[in-house]
Amino acid sequence: MLNIVEIEHLTVQYPDVKALDDVSFTVNKGDFLGIIGPNGAGKSTLFASMLGLNTKYKGKIKFFGQDIRKSKDYLKEIGYVPQKPIFEKNFPATVNDVVQMGLRQESDANKIDEILQQLWIHELSKRRIGELSGGQQQRVFIAKALVNNPKLLILDEPITGIDQQSIELFYSILRELNSKQKITIIWSSHDLDAVNQHANHVACLNRKLFFHGESDEFFENDELVKQYSEASMQEHMHHH
Amino acid sequence: MQRALISGVAIAILCSVIGLFLVLRRYALFGDAIAHSSFGGIALGLMAGVYPLWTAYGVSLVSALVITKVKEKYNISGDASVAVLLSSGIAIGLVIIGISGGFTIDIFSFLFGSILLVSVNDTILILSLTGVILIVVLLLYRQLLYSTFNEEQAKVSGIPVEKINYLIVFMAGVTVVTSIQLVGVLLISALFVIPNVTAIMYGKGFKQTAILSISFSIFSVVAGILVSYIFDITPAGTIVLLSISLLAGTMGIKSAGLLS
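For the record, the sequence lines run as chains U and D. For the first sequence, counting from 1, position 181 maps to 181 in this note's numbering; every step adds exactly one. Heads up: take any position in the second sequence, counting from 1, add 1000, and you land on this note's numbering.
Here are the computed lysine-lysine pairs in the BS3-like style, where the Cα-Cα straight-line distance is at most 27 Å:
| # | chain 1 | residue 1 | chain 2 | residue 2 |
| --- | --- | --- | --- | --- |
| 1 | U | K89 | D | K1071 |
| 2 | U | K84 | D | K1207 |
| 3 | D | K1163 | U | K70 |
| 4 | U | K72 | D | K1069 |
These are computed hints drawn from the structure, not numbers from a lab. These figures come from a predicted structure and were not determined experimentally.
Sequences and hints are given; from them, build the entire structure.
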């Protein structure tokens, strides 16, 4: 089995808090990994480190067998969909412009059309990105992430502020990408039910990694689920 | 007159294109800051007996790069760093002018522009710099656009965002000094900002917006030069007022509900 990602003893120390504490896991080809954890569990720090945005970490991160400190080439094989893409609301870019930004090679209009059709946003291609709903914008950013045929798709809690119908469509798109196009997916969420329903692997993170394995193994273990729910509930109370 | 129009059109195109990136990066006053710092360079050149635009290029590029570095390193916000740069340039300029014996006609022509007096050599310089910068923008179009749209995502896509940021600042520095002859130090940011703000209200996509901005800018510059020539008034003020009237007209159309 081919290792797509290997995380070894990853620790990230911020001035006042240890954001990640000795986290190790691997992601294999074809995995659909749901990373769950309450707010402040270190999910965003984990992604920032994996994507080369945070370089102040201890431990080792390997993509496709290569240490990411040695080469940034791995980024070419990754599509990343941020939690809430930040851009000026009146930024003059059409859907087509945004997807094209993601395209590495010389502009290939057919490829863009194909992706837009696949994600049901073809009819929006000439609209300005800021005019679209949250769900539509999210699909545009998935399209941008997919336009280079990545081997791995990383999505950071991508359903914040999106209507139910768009969420369903989003999950069905992810499942299809994973099962038909064999794209490995790493997806962070705090929706336990959604992870149970869609992911085939689960990593349970709360600064430390509490669990990593097949999702059935996690969800059939009532003790683990209970522990996670309590931890996230406490965190929730703490935040309010 | 012909030289004024040719140089004016080149500068109009250049300022629109670079200005669009600056406006979208919330860096609208950066052009103004570099222009003011170049005032220090102009004063230095006049005092030293060197062609003032050369010293202006030097000083404005150095200050543009310094301010970007300072902003990065000390985490000073964009508008505050612009304010620092802006006042430093004027202060240095004033002190140098004081030392070398007060204001002269030359200083005024740099403050308010002197496009009708542009020389053949200046025209050639303006055209070549415009050509070079436009070629760089076309070659690095995706990198420039992507890092303006969202820095973090651009980084994840492997774009060298820091280098691109420096490149934009560098190109802005060159553009500002090149444009001093058209509208002068005090009105440069108008050329960077106003046509772009107007175009953003109309355009859907990036290229469409850029083309609209360039058109508005060329219209204001050409009409401004002609009107000022005919009525013997200052070109810089006329150009800026024309471009403001395009913006005001657009706002009117928009509030009348004729523009989505």
